[in-house]
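Colleague: One-letter residues, chain by chain:
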Amino acid sequence: MLVAKRVFDFWALFACCALIGVSIYNAAKGMKVQIRPIAGFEAIDEAVGRAAEMGKPVHFTPGFGGLVAPTFAGLEVLGYITGLAAKYDVRLIVTVSQPETYAVTEQVVRQAYLTAGKPEAFKPEDCRFISSDQWAYASGVIGILLRDKVASNIMIGQFAAESLILAEAGNTIGAIQIAGTTNAYQIPFFVVACDYVILGDEMFAAGAHFAKNKVHLGSLRGEDLIKALCLLLVIVGALLVCGGSDTLLKIMAL
Amino acid sequence: MRISTDIGAWVGALSALAIYSVLYKENPVYRLVENIFVGASAGIAVVVGVQTFQSTAWVPMAKGNTWLVVPMVLGVLLYARYTPSVSYLNRIPLSFLLGTSAGVAMRGAIESQIVGQLSATMINLNSFDALVIFLGTVTSLAYFFLTYRFSGRAAVVSMWGRYFMMAAFGAAFGNTVMGRVSAAIGRFQFIFLKWLGM
Amino acid sequence: MFIRKMLPTIIAFVCGTTVTVAYFFAIPSVQSLAQNIMQWRSVVAVFALGLGAVNIIMVHTKNLKRDGLKNIYSLALLAMFCITILVGLGLGQSSKGYRFIFDYINVPTGSAIFSLLAFYIGTAAYRAFRVKNAEAAILLITGCVVMLGRVPLGARILPVAPRLTDWIMTVLNVGGQRGVMVAGAIGFIAVSLRIIAGLERRVYGVE
Amino acid sequence: MDIFERLQNLDKRVFYLMMALAIAIPTIRPIGLPITVTTAVQKTYDFVKSLPDGSKVLIGFDYEPGDEIDLNPQAIALFHVFGPKKIKVVAISSFPAGPMFAEECMMVLAQYGYKYGVDYVNLGHYAGGESTLAAFATKPTSIFSKDWLKNDIASLPLMKEITSMKDFSMAMTLNDGPTGGTGTHEWVRQSVMAHGTPLIMGCTGVLAASNMTYVQSGQCKGILAGLAAAAEFEKLIGKKGTGTVGMDAQSMAHVLIVAFVLLGNVAMIVSRQRAKTAGGGASR
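Protein chains in written order, with this note's numbering: chain A, 1 to 254; chain B, 255 to 452; chain C, 453 to 659; chain D, 660 to 943.
Hints are supplied without guarantee of correctness; some may be wrong.
The calculated lysine-lysine pairs, modelled on BS3-like cross-linking and capped at a C-alpha distance of 25 angstroms, are [stated by the list, open to error]:
| id | chain 1 | residue 1 | chain 2 | residue 2 |
| --- | --- | --- | --- | --- |
| 1 | C | K517 | A | K123 |
| 2 | D | K805 | C | K548 |
| 3 | C | K522 | A | K149 |
| 4 | C | K514 | A | K118 |
| 5 | C | K548 | B | K448 |
| 6 | B | K279 | A | K149 |
| 7 | A | K149 | D | K671 |
| 8 | B | K279 | A | K56 |
| 9 | C | K514 | A | K123 |
| 10 | D | K899 | B | K448 |
| 11 | C | K548 | D | K809 |
| 12 | C | K522 | A | K123 |
These aren't lab readings, by the way, just hints derived from the structure by calculation.
Remember, it's a predicted structure, so these values are computed and weren't measured experimentally.
For reference, chain A alone in the conformation it holds in the complex:
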């Protein structure tokens, strides 16, 4: 009944989900999981604190993406940043490009202010939909960065070619910049232009890092187990190929 050529993919996904599920269960039962420090996340407190000292706003954008996984990771961090902004009374400006992402982002910010006990601090005009056009979005964001002279610019989510435009504009005004994306073609531009870069997969660890949330810590342990399994698979596969057997490759192509 499985669709041809997707048999292995299905079982691989099944195994991934099972590993993550079991790890979350174990963590909830009290298994200790330590997370290694991620400099980009540690810098977020400093970035918001600096804005508070300077009396200037913080800017956050989840990027150009629709509702894709990196955007989810960005929104998770946004919830935390909003909490900090509410605590320190810092103005937080959020810019969004895609309508469906906007619908969710606005809700996340609204809810985070509510949770922080300051629902009145939420201002719709500071959570802005710019345009779904890539370059209009870029020009709108650099306009905001340059005019509002933000103290800290945080960009975590899905980014395309506009990444460097945003990062250079942030650099021009001397903002502390923290950026993260999984797109390997855009990470280089964040690496050269930002102060802190959250590399690829690290961005999915936000919940575990900030809230030390058991679900997230467990999920992270599950991800690590999957990575270990992938490494094992690659090594065994390569050794088999060296020995002249492509059995594993054939199984994976099923």
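Given chain A's structure and the hints, the job is docking chains B, C and D onto it.
Modeller: Just chains B, C and D now, kept in the frame of chain A:
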């Protein structure tokens, strides 16, 4: 030099110059062009959106696909957020959007990004090049262990992982320059050749 | 209570699982349901665009109320936004007015913004490509070699650059890219799974 | 601040100005930096040159605004080879903007005394990608009844000579990728595999590596990749066009960036050395 009399050439060239002025300093001219551009592009998005709505929802529903009432109701519920007493209803369409998006993300990730990439790495390690690809993949993947910390000798693995990633980032950076410069050449040709007629 | 907490969780779970199962299993009823869900999704997304439009109008009318017509920027944005919609919906997308906005304002201004990258990419490289440590040195070397290897003048300056560029792009570059991609995809799966399983309900507003 | 420290922190605007000059100067007055012809381009040129005089060629303008910088120069350079040989050209496009680019490029043909409708035709845009191209390949009139200028196809003498893909001695696609239009792979299937019409392709720089496989496998007779290939082709035909100009600007821009990077590093190393010796002096 023969300056163009075509209004399109004038609008295009002047807007490009206004945009380039931001390289010197943020200024009123840039700000005006930016706002016109953002307004126009958001307007275009709305026009396209209405057209999509007509062709994917309104017309099929008029032709008898009554099920399409469901997404329309969901869509309307998004606006519940503006009325505090019923704002929680807004969670229903959001959970619908997020649930489907998560499903799509999950199935795409496993196939092309994990299984495809892993099988491409299972190569015969009989050449220097093959070894470089293999070691690069293994060490950079190992860098991403987030709940284990490599210490002592094992730390070398994640260090090499970072080195390989930096090499890849440098390469991607250098390789992108050409496309970006091409874009600028296009604008410059427009300004000097089409508009100023040089 | 049910509508506030349970229902959103159930919807996310059912939709996410249906879409995934339909991809792997050839069950006609599930597949047609998944197809419907995806079609519905695009309809709901159009309504989300309306939220965006509301936000644009709200932000800029507020600016105008505060500053009056002195704020020509918000005025220009709102005017352009409304004109484009009126022309596009009233006269149609093949009308002269709409083509003017699209071909003469939208496309060239977008290209101009894109071409800013030609300038930014240089200053970013100048600032960051410094041999401060091993990692920065690697970034600098591969970056510069590829830049030289791509153009005839660069090949004159460093004759080995084109061949080295080919090697970097087809061999050295591959491993690092793959590591980022595979690890990222594992993260995709984890976060998607948490959303489908209702462990990430904060995103849609359930605490 | 001494000069070396200053060189490490130059005002960005100095670089912006230099970059603008590096692109503007070659645009206004081409420099003609030396260009080396690669084997891929040479082979493509040889193949096009070997087409019989007066034969017919089909060209797909399969790209969108933004990529014309790479692809227009390729088409124009190719037309300069066709011109003296009176090779007849039929243009089609899988993107709405394609016919506009076709018209722009085909203006070159007028220099060689070409007449519209007799020696060249711009059929316009077709929707539907590969399946439409397949239908066109078996019966062109099933897809186009009027050309882009709204002439009846029946009134165009050139179109009377064409009944299927087999009537073309060569097909070419100028391509910026498979999203939205007809990709290179689809062209290989519909021209080479279905009708045995030889194919060459022009593509943007980023697609070079993936499309090179068709040339290596022999399915495709030649490839022009990116602006660089256009410049090389222009060298072969002895005409300095926008490809050469573009490559001049590319060369200048790339070398300028590398020069600035080196400058920053040299300045950093020198001032570090100085600080070291100065520090050493103080401790003594």
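Colleague: Look at each hint and say if it fits the structure.
Modeller: Each hint tested on the structure:
1. K517(C) <-> K123(A): Within the cut-off at roughly 16 angstroms; holds.
2. K805(D) <-> K548(C): Holds: K805(D) and K548(C) sit about 22 angstroms apart, inside 25 angstroms.
3. K522(C) <-> K149(A): Given pair K522(C), K149(A) holds - Cα atoms ~22 angstroms apart, limit 25 angstroms.
4. K514(C) <-> K118(A): With a Cα-Cα distance of about 22 angstroms, the restraint between K514(C) and K118(A) holds, given a limit of 25 angstroms.
5. K548(C) <-> K448(B): Holds, at about 22 angstroms.
6. K279(B) <-> K149(A): holds (13 angstroms)
7. K149(A) <-> K671(D): Judged against 25 angstroms, a Cα distance of about 18 angstroms means the pair holds.
8. K279(B) <-> K56(A): holds (20 angstroms)
9. K514(C) <-> K123(A): holds (12 angstroms)
10. K899(D) <-> K448(B): holds (18 angstroms)
11. K548(C) <-> K809(D): holds (18 angstroms)
12. K522(C) <-> K123(A): holds (23 angstroms)
Checked against the numbered hints listed earlier, the structure breaks none of them; every hint is satisfied.
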